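**Q** Spelled out from the first residue to the last, the chains are:
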Amino acid sequence: MKHYLTLHWQSATRALMHILRQPLASLLNLLMLSLALALPLSLYLAVQSIEDWSGKLNVTPELTIFMEMNSEPADLAAVESTLKNHPKVGGFAFIDKDHALEALEARNGIAGMSEGLDGNPLPDAFVVKPASLQTQDLDLLQKELSGLPMVENVQFDAAWAQRLSQLLKLGEQLTLFLGIAFAVALVLVTHNTIRMQILARRDEINISKLIGASDSFIRRPFLYHALWQGLLSALLAWGMASYLIHVANPVLAELARLYNEQLALRSLNAGELGLLLLIAAFLSISGARLATDHHLRQAQAH
Amino acid sequence: MIQFDQVSKRYPGGFDALKNLSFSIENGEMVFLAGPSGAGKSTLLKLVSGIERATSGNVIVNRQNLSQLRASQLPYVRQHIGIVFQDHKLLYDRSVFDNVMLPLDIIGFDRRDAARRVRAALDKVGLLNKEKSMPIGLSGGEQQRLCIARAVVHRPSILLADEPSANLDRAYALDIMELFKSFHQVGVTVLISAHDETLMEDYGRRIIRLREGQFAS
Chain U
1 MKHYLTLHWQ
11 SATRALMHIL
21 RQPLASLLNL
31 LMLSLALALP
41 LSLYLAVQSI
51 EDWSGKLNVT
61 PELTIFMEMN
71 SEPADLAAVE
81 STLKNHPKVG
91 GFAFIDKDHA
101 LEALEARNGI
111 AGMSEGLDGN
121 PLPDAFVVKP
131 ASLQTQDLDL
141 LQKELSGLPM
151 VENVQFDAAW
161 AQRLSQLLKL
171 GEQLTLFLGI
181 AFAVALVLVT
191 HNTIRMQILA
201 RRDEINISKL
211 IGASDSFIRR
221 PFLYHALWQG
231 LLSALLAWGM
241 ASYLIHVANP
251 VLAELARLYN
261 EQLALRSLNA
271 GELGLLLLIA
281 AFLSISGARL
291 ATDHHLRQAQ
301 AH
Chain Y
1 MIQFDQVSKR
11 YPGGFDALKN
21 LSFSIENGEM
31 VFLAGPSGAG
41 KSTLLKLVSG
51 IERATSGNVI
61 VNRQNLSQLR
71 ASQLPYVRQH
81 IGIVFQDHKL
91 LYDRSVFDNV
101 MLPLDIIGFD
111 RRDAARRVRA
121 ALDKVGLLNK
131 EKSMPIGLSG
141 GEQQRLCIAR
151 AVVHRPSILL
161 ADEPSANLDR
171 AYALDIMELF
181 KSFHQVGVTV
191 LISAHDETLM
201 EDYGRRIIRL
211 REGQFAS
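So the sequence lines, in the order shown, correspond to chains U and Y. Per the UniProt record's numbering, residue 1 is the first one in the first sequence, and the count goes up by one each step. Per the UniProt record's numbering, residue 1 is the first one in the second sequence, and the count goes up by one each step.
The following block holds chain Y by itself, in its conformation from the complex (with noise of 0.2 Å):
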């Protein structure tokens, strides 16, 4: 479960964010988030996967108050969250097999169930045949469920994803979003966040909308 009590984020020079924003994601979930750039969908993204703090307010992530957290302990939350960066953020020195290895290796998983975890995610978005290339020989829309796939071979109970559909074509869109949709289905809590809600309305979930760091009604 994600829950916001009354949370604000005020960057140093003194933008805000987010505005005293009160809201709670039950488990199993499947929310969109919407709302123009700088609306704040990126922050609040950011204070659910403890990467950004809240200057005010309460997050609470997984019976966890993200706001009261010891920096050291952070990392230990976000293992149980996956991300889905809007930049990717992939190593590009590393095989495919190798990206989506990492999270594996950070929690410290034996080795040869970690291969078997690794390929099951790669089978899952369609890169089961790329897993010895490099990213950088991959597309564009490759490269996003790359990242789709490290975010979730370590069975996060929370996935995060932040623009996923953006500079994709409309059925590559649909694509990356159905993904998502069987994420969801298997018990997975997850939070999207996108520009382009005409994506969003066809799948009839809760659409939480911002607009400069408050609720747009």
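Next comes chain U alone, as it looks inside the complex (with noise of 0.2 Å):
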């Protein structure tokens, strides 16, 4: 076992050497392989970062429901029964257009302001908490709500949340997308690289097989290689979505400030580096094993 390890460790430091020693082929290398891992982690963390805010945001989508000016309590005790009824709506709450007036007047300040108008301006109004927050359920309670008997308008205030929430989806599948083709990149491009070095030591690998390597001590070397240039480009990749974020928080902050929002792109988590490491390396590794695997079968066919 211990034997084992040391071959191991050997095959390591020997790769990483190899590395270091071709420094400008190496990092030309790691450059391409930590640009496609950098994209979808860029984007990655600011869609995952916009959620965290989003979803700090109170984004409950309401309803609001304005009754006509001239409706009768009837008419109000027919709308609160059909919402009390309707299978769709979580919860509402009535606001009476008087009340609505003394808390538009104690909000802006502007107490005595109704003593310049002809009576209330403001409508009654049910605010109106929908069950489900799918948007076509939302859509077909908004519709029903506004065909109700002296319904004047029913407003949806929470429709940019909405839009936004899709977007993120959209972002969310964006990055899975992205995701993927940069893994298939990753693989591809690593399977070039090994595949190179194959060919520039193809008389070194006859030769061993000759003297009696097995396939896997063939293999060895060329799997470490692609597993340091995996966990390397990670890093690298993690590096410059770090400082992506670096140069793009104080941008972000500026522009939330103006909303009085706070809102900054967040790093990675040790979780997700470690994570990021696994993927970049298991991608590195299949990669190159598919290079040596098809070198060995061509070898074996001759």
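Please note that a few of the clues may not be correct.
[Unchecked claim] Reference listing, derived: stretches of chain Y covered by chain U, where coverage requires no fewer than 3 residues with Cβ under 8 Å from a Cβ of chain U:
#, region
1, 67-76
2, 106-118
3, 165-173
Since the hints were derived computationally from the structure, they do not count as laboratory data. Here the structure is a predicted model, which is why all the values come from computation and not from measurement. We treat Cβ as the ideally placed atom computed from N, Cα and C, and that holds for glycine.
Each chain sits in its own coordinate frame; assemble them with the hints.
**A** What follows is the structure, given as structure tokens:
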């Protein structure tokens, strides 16, 4: 067992030395791989950060039903009983027009405003909390409520939140798509670099085989090379994404301040960084494995 | 022990390199393999080392039937065999020392012990003072001896040499033969092929003569 570990340790250190001995070529390779990782990674972080932020906002969508100015108490009662029995309504509150005016005056510090008006310009209103937040359900509910007698207008207060969550969903899907596309790219790029290395070291491989090297002996240095390449490019991609965040955050903060909000992109946490390293390692080893297996199969055929 | 039991080898294209050959070589024996070019000497050596597989018959090396062995097991058979190739098959981008290190790396020898072994093997073939040189700077005879050092560094029980004295002058060739004899004297089974029989006859060892894939009488 110790012997086996020594062999692997030897291969691992030698593969790392091999990368370090050709700094320029290795760096170009790593840059290519890390760019492929950094793009979906940055998008992931952006979507995650905006989701975190939007989750903290009070974005429970509400519908507000404004009654006609000349609606009678009987009309109000009718709407109220409809709301009480409607399956798509999670809860509701009635806002009496007199209270609404008082609240408006209190909020804006314009006490006595109503004295300059001919009566109360505000309508009676209901604030409805929908049971379901699905877009179709909300649209349907809005339509149904608009159709009730003596209802002037039904406003959907959180339409923008709804749109934001749709956009975020799109962002998530884009991240997933990009992630998969670049994962495939990572495998292919590694496959190619390892294939080039195999070609460059073909004599060594053939001679080693002739004097008793097993397939796993042949494969091992290439797999370790790919492993290092994957891990280093993941770290580099992490660095790129962190830099991007570092640059973007002051700009975002300034933008958010205009809306009285706080918005900052977050960096990877330890778990996510670990996962990133694991995925990068797995993908590059897969690429190297494809390349070595292909070569060994060809060598076998001779 | 090496045992051939009705072994034939036909290459793709229909060329019969060996035809129904049976013989055996005891442990520790030194045997010469003679015959003109194309007689099947190289093929025979390739069958012993598992580089090629017999088309029919059994090739038994160190009590293992190579004809029945899975391809993935062949490398481990080869690790007990030392091979001196006709065209040397050296790594020209590595030093003399690293070339001899290769078989020990493959077996997974401890690095410090390995360096000692490599120097002992280089000393044996008289190349110890060239361990840092690159093979390309060596003469033909020195390259041949480097190949021998690599073939014996892991102390194989069988040593195969394909035309080791080809392209060498007679004095040098005799040197090389003496080297093989010294391995034979420490118990290694040695099988050497050559098309020039004059070298072999001086040694009084068994000679297997081949002609067109069969024993020549």
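**Q** Check, residue by residue, whether the region 67-76 of chain Y contains three or more positions whose beta-carbon lies closer than 8 Å to a beta-carbon of chain U, and give the verdict.
**A** holds (count 4)
**Q** Checking C-beta pairs, does the region 165-173 of chain Y have three or more residues closer than 8 Å to chain U?
**A** violated (count 0)
**Q** Closer than 8 Å Cβ to Cβ for three or more residues is the test here. Does the region 106-118 of chain Y pass it with chain U?
**A** holds (count 5)
The structure shown violates just one earlier hint, number 3.
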